[in-house]
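Start from the sequences and build out the full structure, keeping to the hints where you can.
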Amino acid sequence: MQKTILTHDRDVKRSASTQIDGRISAAIVASGIGCLVIGLLTTGAVISEGLKNILNWWNPAGPLSGKTSVGVIVWLVIWAIFHFLWKDQEAEVKKTMTITLILIALGFVLTFPPVFEAFE
Amino acid sequence: MIHSAREFWTVFHGMVLGSIFLLSFSGVLVGLYGFRPDWLTPQGIRHRIRLLKIGTVAMAIASWLTVITGTYIVYPWYRAKPPEGVANLLDYPRSYLLSVPDLAIFHTFGMEWKEHVAWFSPILATVVAYLVWHYSDHIVENLKLRNAVAVVFIISFSAAAIAGLFGAFIAKAAPIL
Chain A
0 MQKTILTHDR DVKRSASTQI DGRISAAIVA SGIGCLVIGL LTTGAVISEG
50 LKNILNWWNP AGPLSGKTSV GVIVWLVIWA IFHFLWKDQE AEVKKTMTIT
100 LILIALGFVL TFPPVFEAFE
Chain B
0 MIHSAREFWT VFHGMVLGSI FLLSFSGVLV GLYGFRPDWL TPQGIRHRIR
50 LLKIGTVAMA IASWLTVITG TYIVYPWYRA KPPEGVANLL DYPRSYLLSV
100 PDLAIFHTFG MEWKEHVAWF SPILATVVAY LVWHYSDHIV ENLKLRNAVA
150 VVFIISFSAA AIAGLFGAFI AKAAPIL
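The listed protein sequences correspond, in order, to chains A and B. Take the first sequence: its letter number 19 is residue 18 in numbering that gives the first Met the number 0, and every next letter is one higher. Take the second sequence: its letter number 176 is residue 175 in numbering that gives the first Met the number 0, and every next letter is one higher.
By construction, these hints were calculated from the structure, which means they are not laboratory data. Careful: at least some of the hints might be erroneous.
Restraint ranges, calculated between C-beta atoms of paired labels, are given here [as the list claims (entries may be wrong)]:
(1) A:LYS94 x B:LEU50: 27 to 35 Å
(2) B:VAL85 x A:PHE83: 18 to 26 Å
(3) B:ALA79 x A:ALA117: 25 to 33 Å
If you only want the chain A side, here are some residues facing chain B, beta carbon under 7 Å, derived [unchecked claim]:
(4) ILE23
(5) THR41
(6) LEU63
Glycine residues also receive a C-beta, built at the ideal position from the N, C-alpha and C atoms.
Dropping the structure here:
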């Protein structure tokens with residue numbers, strides 16, 4: 000019945016701690032890096048014809064197959080590395096989220112057509 | 000009525016998986032908002048954790064299936080090049096959109112953004128599902144962490160919403176038949 004740490008008789012207190020487990024921070028920051036990599040490759044493939052060809056992993060889908068696959072692979076590898084490095088540490092929620100939101104925002108900007116078309 | 004495999008996969012990609020994603024989002028967002036020990040009994044918290052686990056995993060799976068079917072099944076039909084001499088481009092949506100000046104923006108802006116930004120959604124949804132599965136006790140106890148998870152979750156939905164919105168417009172302007 001009781002699969003979580005929370006129990007019937009434990010009164011859970013809400014806290015506003017600024018510290019979180021390093022593994023939580025690792026998962027969140029790595030997701031931001033995955034988004035950034037997809038953005039970088041999207042703009043990079045516009046700038047460099049060579050990169051565009053390298054990312055063409057499967058012809059029917061074109062370079063999109065490589066851009067997204069590399070993004071996913073980098074995200075998972077970075078997540079595993081950060082998880083290992085930060086597993087015994089604590090991190091600040093604010094710092095984790097600030098870095099992650101910047102990474103995601105850059106990812107959004109670099110996939111935004113008016114931005115990458117400026118490099119054509 | 001579905002007449003072809005192309006129509007089936009387009010509907011499955013956009014409507015079936017999209018509906019699951021939307022439903023999951025609504026449920027999980029409400030679940031996260033009320034995920035507070037001062038609002039719930041200990042039994043209620045355990046029940047809520049179970050629902051959040053199911054909801055976030057459903058959302059992550061739906062999100063992955065959406066981008067995979069979109070990129071590897073539907074998109075190749077969309078971007079297929081017409082053979083030489085073909086006058087009717089309606090079977091080649093990308094070429095058709097680019098051939099009509101008023102519709103070209105659906106490809107140059109809509110599809111170009113959608114096909115990339117959509118992939119943010121499963122990445123972020125997976126992280127939310129992972130955190131809910133492994134750290135639900137941290138999330139319920141820490142208000143700042145719960146808010147952080149909710150922000151990542153909303154961004155995941157936003158990326159999917161951008162893709163879904165443009166997908167609907169493109170399907171209307173140049174359906175894959």
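Hint-by-hint comparison with the structure:
1. The beta-carbon spacing between A:LYS94 and B:LEU50, approximately 31 Å, falls within the hinted interval of 27 to 35 Å.
2. A C-beta distance of roughly 54 Å is found between B:VAL85 and A:PHE83, which places it outside the suggested range of 18 to 26 Å.
3. A hinted range of 25 to 33 Å holds for the C-beta pair B:ALA79 and A:ALA117, which are about 28 Å apart.
4. The beta carbon of A:ILE23 comes within 6 Å of a beta carbon in chain B, closer than 7 Å, and the hint placing it at the interface holds.
5. A hinted interface residue such as A:THR41 counts as satisfied when its beta carbon comes closer than 7 Å to some beta carbon of chain B; here the least separation is about 5 Å, so the hint holds.
6. Taken as an interface hint, A:LEU63 checks out: its beta carbon lies about 6 Å from the nearest beta carbon of chain B, inside 7 Å.
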